[in-house]
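Chains as they are written, first to last, in numbering that gives the first Met the number 0: chain G, 0 to 329; chain Z, 0 to 174.
Among the clues, some could well be false.
[To be verified] Listed next, the in silico SDA-like pairs over lysine to any residue satisfying Cα-Cα at most 25 angstroms (straight line):
hint : chain 1 : residue 1 : chain 2 : residue 2
1    : Z       : 87        : Z       : 62
2    : Z       : 112       : G       : 328
3    : Z       : 87        : G       : 174
4    : Z       : 87        : G       : 74
5    : Z       : 125       : Z       : 91
6    : Z       : 87        : Z       : 3
7    : Z       : 3         : G       : 25
8    : Z       : 3         : G       : 328
9    : Z       : 91        : G       : 301
10   : G       : 301       : Z       : 56
11   : Z       : 87        : G       : 76
12   : Z       : 46        : Z       : 70
[Claimed, not checked] Some chain Z residues judged to face chain G by a derived CB distance under 7 angstroms, without partners named:
hint : residue
13   : 6
14   : 13
15   : 21
16   : 28
17   : 32
18   : 47
19   : 51
20   : 60
21   : 61
22   : 109
23   : 126
24   : 128
The set of hints was computed from the structure by calculation and includes no laboratory data.
Don't be surprised by glycine CBs; every beta carbon is placed ideally from N, CA and C.
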Amino acid sequence: MEFSALLNSYPGSYIVQSFSHSVVAAFVVEIAIKAWGIRNPTVRQRFLLVIIVFPIFSYPVYQIINPQRSSISFRLNALLDSSRWLDMELWGVVPVRYGFFLVFFLTAVIFFFQELVPILRHTYASRGSEISGERAEEHPGIAQALKDLPVEKTDIYVLEDDDVVLFSTTGRKGSIYLSSGLLGILDREQVRAAVAHEFAHVIRSRRPFLVILFLLRILMFYNPVVLMEFRRIVQEDEKICDDFAVSLTRNPLALADALRTLYVTEEEERPGRPKNIMNEMEDLETYSHRLNILGRIARLEKGTANTGDKGWFAIVLTLGVVFVMNYFIV
Amino acid sequence: MREKLLGFFAFSAGVGILVLGLRFFNWLPLMVQVDSLREYQDVEEVKAALPIETIFAPSYFPQNLSWPPSRILAQGRPFPAVVMEFEKTAGKDIMLLISQSTSEEFLPEEKIKIIDVIESVSYPVKGRNALLRVGVCQRNEPCSGITWKEGQYTIHVLAKSTPFELIKIAESMLR
């Protein structure tokens, strides 16, 4: 089978069009977020969901509505015909379509090693091993710090470890773990804020929503736009948990200080470190993580928590525009 | 309410700019690659623009069809292909569709599509082994199609007519 024929087949068209549709959806969603000045992370997450979920169904739905949508006549009058780009040959030699498929392949590799493998490993590790620690109620310092916090249905453990450790396990029986090293660098209010944030993760992980979203996201494993937008959704989830923690502690500055103490370290000069692509990528990831933390700190300090309406009008309108525009993108 | 309205205008303007951007993005490959699929005014224009030396056109033409073709589409890449559509003399219905392409997969039959094939037989067209299909198109109209290889090209002729008329048209395309 010729490569161009493969692209015109149903699976080929699905891959190409789901990518194009997610690009357009990302633009429209970004325009909507800017136009209505949406800052509420829950509402922003709903908008970003459009970019992940819409391209999964768009191509088959459009083909049911109009089976002639892939025809030459339709393509000639389309808003954007992707085959024009895919059929292009750079300098008359290198087909552009190979570049597209290289991007899809690299995205699939990144998804596999950075998302799927760590999640599977985490699931396997948390099933197979028991982490032992002192229960928070039995720890005098922690019990005092967590007094009044409504976290009684979640197990909280203190690990005897000088390293700074703070994490939660997800699932129906989620638990929170913190280390004695962490208790040494955070004050009482900051510990309260940090535990409340982890408690929010535990509560949210009990809902099947995130699991369903991740399963849907797996279907778009090759799509670089979905890869980026899914990470933004995860970042928005951190902000939602920040807001939840603040609603429990009523002390946004304590959480901001905890974040600063835990994650914002002075940038280290590492002399003699070889300059290669792996190190550059690692530096870029650290830099982007740092920016994200600084953004959360600034947000907590400004006090721009959940404000504004639920944005349903804007979401419905955005979804409508995404649906109509993408119909003419083949 | 005022904020919502302002947001709506900003959103509309943003979407408008996006549409213009997409139009530009759709037009750009046509400028960069002159031999991608596009519409041409006549056969001579195709010959001048693309490295397609022979364009198979019929010399026999039923009276109910209008000449020249109502639309000619052609491309040089990813493979050479020409499509000619012919309308009814009185009306805008596409009655005849001729395509030639070096790809065997290329069959632009959306305008005339045999939905229900009643008979499919081998038929010799001036010494070439052709496949003749007779059946029914959209709106239950009788139609027929014939396909054969001519050198490097695969030729499809589809018509909303009887197979006899179609064979006459196909034979007139060959010497």
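query: Which of the numbered hints above does this structure break?
result: Violated hints: 3, 5, 6, 8, 9, 10, 18, 19, 20, 21, 23, 24; rest satisfied.
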